[in-house]
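Dock chain to chain to rebuild the complex, using the hints, since each chain is given by itself in its own frame.
Sequences listed follow chains L and Z, in order. The numbering of the first sequence is the numbering used here, which starts it at 1 and goes up by one. The numbering of the second sequence is the numbering used here, which starts it at 1 and goes up by one.
No wet-lab data here; the hints were simulated from the structure. These numbers were taken from a predicted model, which means no experiment stands behind them. Using N, Cα and C, we set each Cβ at its ideal position, and we do this for glycine too. Be careful, since some hints might not be right.
Unchecked claim - Simulated coverage check for chain L against chain Z, where a stretch passes if three residues somewhere in it have a Cβ under 8 Å from a Cβ of chain Z:
no., region
1, 91 to 99
2, 182 to 192
Unchecked claim - EDC-like cross-link-like pairs, simulated, lysine to aspartate or glutamate; straight-line CA separation at most 16 Å:
no., chain 1, residue 1, chain 2, residue 2
3, L, LYS529, L, GLU500
4, L, LYS290, L, ASP255
5, L, LYS475, L, ASP106
6, L, LYS475, L, GLU124
7, Z, LYS94, L, ASP459
8, L, LYS440, Z, GLU32
9, L, LYS475, L, ASP73
10, Z, LYS94, L, GLU462
11, Z, LYS94, L, GLU460
12, Z, LYS94, L, ASP464
13, L, LYS59, L, ASP88
14, L, LYS137, L, ASP88
15, L, LYS77, L, ASP37
16, Z, LYS94, L, GLU461
Stated by the list, open to error - For the chain L half of the interface with chain Z, some residues (derived, Cβ under 7 Å), not all of them:
no., residue
17, ARG115
18, CYS116
19, ALA316
20, GLN318
21, ALA431
22, ASP432
23, VAL451
24, ILE544
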Amino acid sequence: MTTPREVWQKAFTESSVRPGAYETMSGIPVQPVYGPDDGEFPGVYPYTRGPYASMYRSKLWTMRMFAGFGTADDTNKRFKDIINSGGDGLSTAFDMPTLLGLDSDDTMSLGEVGRCGVAIDTVEDMDDLYRDIDLGKITTSMTINSPAAVLFSMFIAQAERNGTPRARLGGTLQNDILKEYQAQKEFVFPPRQGMRLVRDTIAFTAAEMPKWHSVSISGYHIREAGSTAAEELAFTLANGFAYVELAAQTGLSVDAFAPRLSFFFNAHIDFFEEIAKYRAARRIWARWLKERYGATSERSLQLRFHTQTAGVSLTAQQPEVNIVRTAIEALAGVLGGTQSLHTNSMDEAMALPTERAARIALRTQQVIANETNVTAVADPLGGSWYVEELTNEMERRAEEIFADIEAFGQGSMLDGCINGIEENWFQSRIADSAYDLERKFNSGERIIVGVSHFLEGNDEEEIDLLRITNEDEQKQRRRLEAVRSSRNSAAVAESLAVLETEAADPEINLMPALINASNARATVGEMMKSMGTVFGRHIEVPTI
Amino acid sequence: MTLRVLVAKIGLDGHDRGIKIVARLLRDAGMEVIYTGLFQTPDTVASAAIDEDVDVIGLSMLSGAHMTLAPLVVEALRSRGASIPVVVGGIVPKQDIPLLKAAGISEVLGPGAPGTAVVDTIRAAAHVQ
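Next comes chain Z alone, as it looks inside the complex (with noise of 0.2 Å):
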């Protein structure tokens, strides 16, 4: 079965570098990939990914306010009855994975990440779902 992957930049970080890669990355790995551009709220995050009924949520932050905004898509989600894993990418120091692990985030992937890493990340997110 084709993994569903919704992958968002919540908040007000531009940065979309990382985003695109990781899209083309899973894309070309055989996944469906759904960006749904730049500034979205957790809300929004949320109601896409259970219309889309996607597999796994990835989100991009860059920014520094991971700790605050990650773990609202996860409340948004249970809010709504859904559960689906939520893999966080980007700018993470490692003392904050515990944390968001905590909060309900599945997976953390760090600067430097390879490629196939990434797409194993966001495939065993699914499976363990």
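So here's chain L without its partners, still in its complex pose (with noise of 0.2 Å):
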């Protein structure tokens, strides 16, 4: 009978190892893991302490900063200052009207045109924004869902334009539509349609894209959006479980589906409780993949996931302070094992970063990784009581969760995300979590430094923050309207309405229709309408 110890041994034996001292700064030697030979080991089944045997001895976390402002030049140019500055993953963050499938010259984009994240109206944007980075070898992730199909479509079009095979494309869409209806409120089509837009991204890039994961389930914006951290948890990984059966209606077996998802998650200020919280997602996931879905491919049992510092934890008085913040919530999303991640930076109560301020969020993480040696063994709190214990919790607390849902969908997983985004039962349940938590904040049970206590210092002068001009709105309009009167314009209300024929038809995948639609330079939100005519509106009933 071979122990835990001997299979992770094995794993980690065949991992090749970062060259360095594995010791204290006094010199004591340090093992890759520790615990007891018939305990949980990482790399190993249910992988509870850690997807890879090796984990961060073998590669640090992928410091993947999320940035994206004004136009598409602006971003390409901060794009270029993180890779610069030792950054070696992007990620693009798209303004309001993009994320909802809006062009900049709709009359709702009014004040809103670059300033949450970069416009893109066409094809020729998606050119500016990754101008001169070499997309063979950097990895790029997209933060969009609604439009999502749309956006890659677009980025696909791009790269191949500027020679970059689709094949060779390695990231992430975020495309997780679910958690828009439940959390984040960026939806457009109804659920159904929604999740059919989904099917055809996952269904495209297993036939045509290899290096590309097609769904990025998010909890970050279920936490931000209010929930308490089992909530994150739970409703994160049914809507994973709705994927993955959404992706078997297609045809695709578990194991060819499973190992292109991945997750991301919140790293809130409640630090044990949040390690916690990562360990217990890779142990239900790696239990439900193999018992209830059938997968017997490592690598769909073993859950990834990208961190993101906790947005809502940050204080707008004594903003200095949230950069503690945030190496705290770091530590806690490389202490839980995290593929990579994004620190916060100082100012974003107030606005998007400066420069400056995103600089030292990153410089947080690389104090992390490069001065703190915790990177030299994997899950260094598996073991304490209290981890573990509150481990088991967060697990018991997600499967009661998971049975609501499963009762919802009468067996299905899918069913019971859609039927409980349509009753009002997820957004409810997120409100409700979220008032809980003010009314703590309300009646001093939870203190805030420089908010509730610990004044001193508010009536400083405020930092510098980022100006996003409505100069950047004016110039994206016109940036548009030349697009506009430099196309074919036959050639896009041709492809538009191939589009809008074939988007009546769900047995027909819209990708190809979308690549060429953005080929002909058609505008984000002209593909959008020509599916929305057939797709129609989501309108929230809105609650209290």
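Pasting the structure below:
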């Protein structure tokens, strides 16, 4: 009988390890993992302690900084700064109109163009966004959901125009539409139509883009919207199960699809609870994929995730203190075994970050990675009575929530998630939890430094903030106008007509029609409208 | 008399955690609260406020579009002959506050405003009226 330690040892021995002296600052040798021989080990099912046997000894997490503002040119410059400062992955933030599939000259876009992210209207903007960046080398993540298929087809069109074939493109599309209805609220089409587009991107990448992660299942926004840690965990994994069931409907085997999924979690300020959440996430995912969905490939069972520190934990008061909060949250992500990390900047309770603030946020990760020595040991908190009990409790609470969702779907997690959205169940639970927490702040049960206590310094002058002017909006509108007037409008109309016709047939995959329309320089808004004619719109019943 | 408050999201900003918390805070403080949902325009907000005969409008703005959109709500009210006070809450840099007030916004609540301040500010805005 082989012990779990022996299984781990074999996998560890087969891993390539970064060279270095694995010892403490005072010279005490450090093992890659600690624990009893018959206990849980990283890289060994159910992966509670990490997806890989060697964890950060083989590869540090990717320092993936989220950026986007103004025009595509502005953001391209920031991307190059990030790469030059040692960031090794790009993550694109789009502005509100783009997130909702509207053009910059739409009347609803007034005042919002380029403000919360970069404005993209056509493939020409996509070209500017990634100019002089080798997309065959650096991986790219795009935070886009309702119009994910549209932006993804523009991304493919521009990469191929610039000589990188789609099969070589590596990266991640967020494309997690379920959490939009539940939490983030940047929805356009009704849930079932939204899921059809997710299905199309899943099937398309499975066939043509072996290096692409088609869905990044995101708890981050669920937590930011006010859920508890256990709700973040459970809703996110339930959404993951829903996408697994969706992919199965297209005929993909679970082992062909599940390895392409990645997750995205929040790192909030309750340090040990967050670490327990990541550990429970890996264990639950491995068990469900194996036992319920019949996955056999190791890659299907290993939950991999990106982490972002909690935007909601930042304060506008004494913003420099946010550097400390972010460092603690980032450390939780690392001790929890994250595969990539975004650290928020100190000024983000007020605005998009300045270059200086974003650099300090990246430096925070670099200190953790290079100075603290926490990367030498996998799951260093494994075996802590507190962390192990919290991990088990997270799992118990998540299973209770899964049972509710499964009941909504009469045995299907896919239907359970959609029905729960249509019944406003997720939305109400999140709002209830947000209000519970707020009452604790208001009653003084929870303290926020600089807000409820320790106010000296709050009257100091505000730090420099990034200002997005209305000039960017004007510039983007002029650029869109120039593209509209220089393109072949008959070809655009033709490509949009095909898109609309194909949208009406749920058997057809819309990706080829979208890539075709992107190449014809159709706008985001035009493609969304063509599909919207068929799909209709999602209207959320407003509840308090 | 029970205060009637319309809380609203205008523009494309889907962040509704804050507005739902504010709505519940005001309701628990004894006010009647009307929430018209996401993606409203200055015109729909002004019309709803007049139809519902509210005493105060609360706008929740986190996307940075406040300088463009909040003054348009005041204008939409004026063009309908109404003078309902408008309070803006959300992510507003300090330097924008005097500009918003000059544009007719009654009061601005920034990030971290405690529940009591939200309730007091809405009451005060109604009574100035």
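Pair hint LYS94(Z) and GLU461(L), alpha-carbon separation not exceeding 16 Å
10 Å, holds
Check the hint pairing LYS94(Z) with ASP464(L) against an upper bound of 16 Å on the C-alpha distance.
Given that 16 Å is the threshold and the Cα spacing comes to 11 Å, the pair holds.
Is the hint on ALA316(L) kept, meaning its closest Cβ partner in chain Z is under 7 Å away?
4 Å, holds
Distance restraint between LYS529(L) and GLU500(L), which requires alpha-carbon spacing of 16 Å or less:
Within the cut-off at roughly 9 Å; holds.
Does the closest beta carbon of chain Z sit nearer than 7 Å to the beta carbon of GLN318(L)?
Constraint on GLN318(L) not satisfied, violated at 10 Å.
For the pair supplied as a hint, LYS59(L) and ASP88(L), is the alpha-carbon distance within the 16 Å limit?
12 Å, holds
Are at least 3 residues of the region 182 to 192 of chain L within less than 8 Å of chain Z when you compare beta carbons?
Per the Cβ count (4), the hint holds.
Within a Cα-Cα threshold of 16 Å, do LYS475(L) and ASP106(L) meet the stated pairing?
Satisfied, since the Cα-Cα distance of roughly 14 Å is no more than 16 Å.
Checking hints one by one. Is ARG115(L) an interface residue toward chain Z, by the C-beta closer than 7 Å rule?
Cβ of ARG115(L) sits 4 Å from chain Z, so the hint holds.
Minimum Cβ distance from ASP432(L) to chain Z below 7 Å?
9 Å, violated
Could you check if ALA431(L) really has its C-beta closer than 7 Å to a C-beta on chain Z?
5 Å, holds
Restraint: CYS116(L) near chain Z, CB-CB cut 7 Å. Satisfied or not?
For CYS116(L), the interface hint holds, since the closest Cβ of chain Z sits about 5 Å away, which is under 7 Å.
Checked against the numbered hints given earlier, this structure breaks hints 8, 15, 20, 22; the rest are met.
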